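Q: Sequence:
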Amino acid sequence: MVFAGYNFDPNFGAEVEYVGSSDTDIDTGTRLLKGEYDLKTYGAYGTYRYQFPNTGLYAKGKLGFAKAEIDASLSDVLGNTISESDSDSGVAGGIGLGYNFNPSMSVEAEYDYVAEDITLLTLGAHIKF
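Read left to right, the sequence shown gives residues 212 to 340 (this note's numbering).
Hints listed in this document are in silico derivations from the structure and should not be mistaken for laboratory results. Treat the numbers as computed from the prediction; the structure is a model and nothing was measured. For glycine and all other residues, C-beta sits at the position ideal for the given N, C-alpha and C. Misleading hints may appear alongside valid ones.
Said to hold, decoys possible - Mimicking BS3-like on lysine-lysine, the simulated pairs with C-alpha atoms at most 25 angstroms apart in a straight line are:
#1 K271 to K339
#2 K271 to K245
#3 K251 to K278
As the list claims (entries may be wrong) - Label pairs and their in silico Cβ distance ranges:
#4 Y248 to T333: 12 to 22 angstroms
#5 S315 to V213: 42 to 52 angstroms
#6 L289 to Q262: 51 to 61 angstroms
Sequences are here, hints too, so could you generate the full structure?
A: Written out as structure tokens, the structure is:
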């Protein structure tokens, strides 16, 4: 995941992100079939943060636009392969909780709705400058 953002003030900001899975194996339940997929998402969001008084804890909401791309393949032991690709884009959003350790470091957990059938749960550390 690659993420960048800018806060216009303590509450409102903007973020862009890229999340990629690289080639990930699919458990087919048998040795006769091998499957794998590659998922990538791209997003741009407006954000709102609510800082809980007298704590480092904050809540975050975001709303914007995202695109998801997936490539999947299934191969059998004879070398036959079926491949499929799809993409979807549209309105996306998320909610999260974070904690500011100091003005330049925080951690954040977030749940995002990217596209139909694609949601993300992330945990990350942020360095702010």
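Q: Checking each numbered hint in turn, tell me which of them this model violates, lowest number first.
A: The structure breaks hints 2 and 5; every other hint is satisfied.
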